[in-house]
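Chains as they are written, first to last, in the numbering used here: chain B, 1282 to 1693; chain P, 1282 to 1693.
Read the hints as simulated data drawn from the structure, not as lab findings. This one's a predicted model, so the numbers in the text were calculated from it and none came from an experiment. One thing to keep in mind: the hints can contain errors.
Here are the computed lysine to any residue pairs in the SDA-like style, where the Cα-Cα straight-line distance is at most 25 Å [what the hints assert, rightly or not]:
1. K1553/P to K1480/B
2. K1480/B to V1506/B
3. K1334/B to L1320/P
Incomplete in silico selection of chain P near chain B, CB under 10 Å [said to hold, decoys possible]:
4. V1304
5. D1307
6. G1311
7. D1332
8. F1333
9. C1341
10. Y1344
11. M1379
12. L1388
13. P1392
14. G1396
15. F1533
Built from N, CA and C at the ideal position, the CB exists for glycine as well.
2 protein chains.
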Amino acid sequence: MTDFTERVLQARSRFEAMCAKPVSLDITRGKPSAQQLDLSLDLLTVLGPDDFKDGRGHDCRNYGVPDGLPEVRALFGELLDLPTDGVVLGDNSSLSLMADALSAAVLHGVPGGSGPWRDSNAYLLCPVPGYDRHFGLTDHLGVGMTNIDIGIGGLDIESVERLAASDERIKGIWLVPKYQNPVGYTLTLEEVRALAAMKTAAPDFRILWDNAYVVHHIDEVLDPVANVLQACEEAGNPDRVWVFGSTSKVTFAGAGVSAFGGSPANVAWFRKHRGVRTIGPDKINQLRHLRFFGDADGVRSHMKRHASLLRPQFEVVQRVLETHLGGGDFAHWTQPRGGYFVSLDTRPGRARRVFDAAARAGVALTPVGATFPRGNDPEDRNIRIAPTMPPLRELEQAIEILATAILCECSD
Amino acid sequence: MTDFTERVLQARSRFEAMCAKPVSLDITRGKPSAQQLDLSLDLLTVLGPDDFKDGRGHDCRNYGVPDGLPEVRALFGELLDLPTDGVVLGDNSSLSLMADALSAAVLHGVPGGSGPWRDSNAYLLCPVPGYDRHFGLTDHLGVGMTNIDIGIGGLDIESVERLAASDERIKGIWLVPKYQNPVGYTLTLEEVRALAAMKTAAPDFRILWDNAYVVHHIDEVLDPVANVLQACEEAGNPDRVWVFGSTSKVTFAGAGVSAFGGSPANVAWFRKHRGVRTIGPDKINQLRHLRFFGDADGVRSHMKRHASLLRPQFEVVQRVLETHLGGGDFAHWTQPRGGYFVSLDTRPGRARRVFDAAARAGVALTPVGATFPRGNDPEDRNIRIAPTMPPLRELEQAIEILATAILCECSD
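Next up, chain B with everything else stripped away, as it sits in the complex:
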């Protein structure tokens, strides 16, 4: 204990000096770095002057083929564990496809349901901490949100099963199945099977399976994740899952290709509703990605290069946090094997104080509460760290300041 007291005293004096000469550092956003984006530079020039037809001879410059190019659907299908026919492509944002699906559910209902979700006071289960834009979209469409814990110990699957079974207003669950944002947790095979097979009071229950980080490892190898569509089929619930994915953090963050997938009934339903708002996605950009990657193995090799760039970034976060906070109970944090974030929990009721202190020393953190529905972290303890974007020295300095702020604010 003397050791910790000493550590805190030193931190206080160090933090005073930090605040006297504030820096200007930003670790708020899960953005790829310029070096990561450079890995995809060839995408800018990969199409030759007369390269605009896909393998079947379709002129990708014109309207048509609203589901997207079959070769690219197959590529996404391989990565997302879906048959080619089970994939419909979108433009640069899988969030938009989630909005399309959820809007259609709210306004019109889904296969196997009894009507529009807006008529049934619908709720979605929201694992927290989670992705702010999932929650923002849900709230915007008038769908209620029920928190489910997905802390450092993983998903609270018992609560999911209990709530889904007992309340027919619970229409689904948001999940980032692999390297979850922000805790980095990957669902186990058993958990996926349980989600696929569990009894739900709502016959039209949906797993919103946002596989945003399906190929985004930091470690040498990828975590495996269960084939959710297959698990749903085997459990007799083939329509239970909507799958989403994109190349947003694979190639260019805002100029990639996205995909929706699921059972034949879900795909037909999605196609119908999406077709009302667009003639079809950008097939030239699909062709560009096809030429750039070649196939799914091309994506996998490419992601190894990303991992090489990301590993030192995540390592420095672990090293600095461990140096300052290790062995104490000032904070707990994740050690993700993939994805874009480190999730840190302070002692309850301290996150906002840490945020303010870091700001005084010039470090911008993701707003406290951003990882919870409506920005409300009921325990005021979660801080999301985004290590990918800043140069390594700046990242190290920012985490030094964060750790010092935690020592100051979580020690009394």
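Please arrange chain P on chain B, whose structure you already have, making use of the hints.
What follows is chain P alone, placed relative to chain B:
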């Protein structure tokens, strides 16, 4: 009259021969031809290997700048008569931006309104014949549709004014202000001023100004069209209009850039709602278009090349229709100076018969009724002809068959 009798008799015998040896021709869709698409081939290669920053040095490969690149907003602003700040860019589909705006109005309401449109049994005025996807979107969102005539004589503005003034459920009007789809009509300055100034029972009335063909002339020069935002401002109704546009038939049909525009209040409102469903549009494709065009004059020169390709296509339609149907009252049709269609009215109650007859001879026409809400042409007379896509000889042959079918079906 003897002349016409003879003409019809000859047509019947000719048509029998046509049906005996049916062709396989398609004039259903307003798609650009391969030659038109070739005009934009440089778009595939216009970005160099390290050309990914805009004029302010923003890295277009990453997230950020959700309104789109300022230089491209300025370019669209010049073409659509909007200030740069009054433009927000989208991806490849302006229809998607219309869906975003109309969804937000239905679910949340608009600036100056008293709540979500879905709570007020909202209707939109729908000039007919019109664009099927406007009607499909409106219907999909649960908004009612009231037909307004925009036949060969132009828009029935008196009915618009009367209905808008007297019924607060009427929340807006769909308009393609220039070279309207399908009649080719361009609104006059007086009509635009009247629409901007008219009294509306709904305080949150909106003109959905889909300027899809703003630069799409067939004649040597462009029709002028009034500055609608300015007209609305001068009339004291600055928030009355939402402007939409895209490069869909300027560069590649499915791989262009789209734009939403309007007053500061409408832009802020649109930005907020659109921000829920996407991190932002594809800025690399915006940069590509900027490099390809340079500026708005670059777009105008480019569209002259389109016009040169389109002119013979539209001329052959006029020539063949005039040859067979001229001087009679079998049908009336438009002679557009721009846009993508010729609109033809048969005698009442005959369009479906003509459609079926043309199909027997192997010519696919746009389904009868497609240009009306819910596919219902109450007079069964409108046929939309799309002359842009087929090779000239095939187009000529298809129009020969159509004209012959009309002579057969509209002469008793």
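Here is what the structure says about each hint:
{"no.": "1", "hint": "K1553/P to K1480/B", "result": "38 Å, violated"}
{"no.": "2", "hint": "K1480/B to V1506/B", "result": "22 Å, holds"}
{"no.": "3", "hint": "K1334/B to L1320/P", "result": "16 Å, holds"}
{"no.": "4", "hint": "V1304", "result": "21 Å, violated"}
{"no.": "5", "hint": "D1307", "result": "12 Å, violated"}
{"no.": "6", "hint": "G1311", "result": "9 Å, holds"}
{"no.": "7", "hint": "D1332", "result": "7 Å, holds"}
{"no.": "8", "hint": "F1333", "result": "7 Å, holds"}
{"no.": "9", "hint": "C1341", "result": "7 Å, holds"}
{"no.": "10", "hint": "Y1344", "result": "5 Å, holds"}
{"no.": "11", "hint": "M1379", "result": "8 Å, holds"}
{"no.": "12", "hint": "L1388", "result": "7 Å, holds"}
{"no.": "13", "hint": "P1392", "result": "17 Å, violated"}
{"no.": "14", "hint": "G1396", "result": "13 Å, violated"}
{"no.": "15", "hint": "F1533", "result": "4 Å, holds"}
In summary, the numbered hints that this structure violates are 1, 4, 5, 13, 14.
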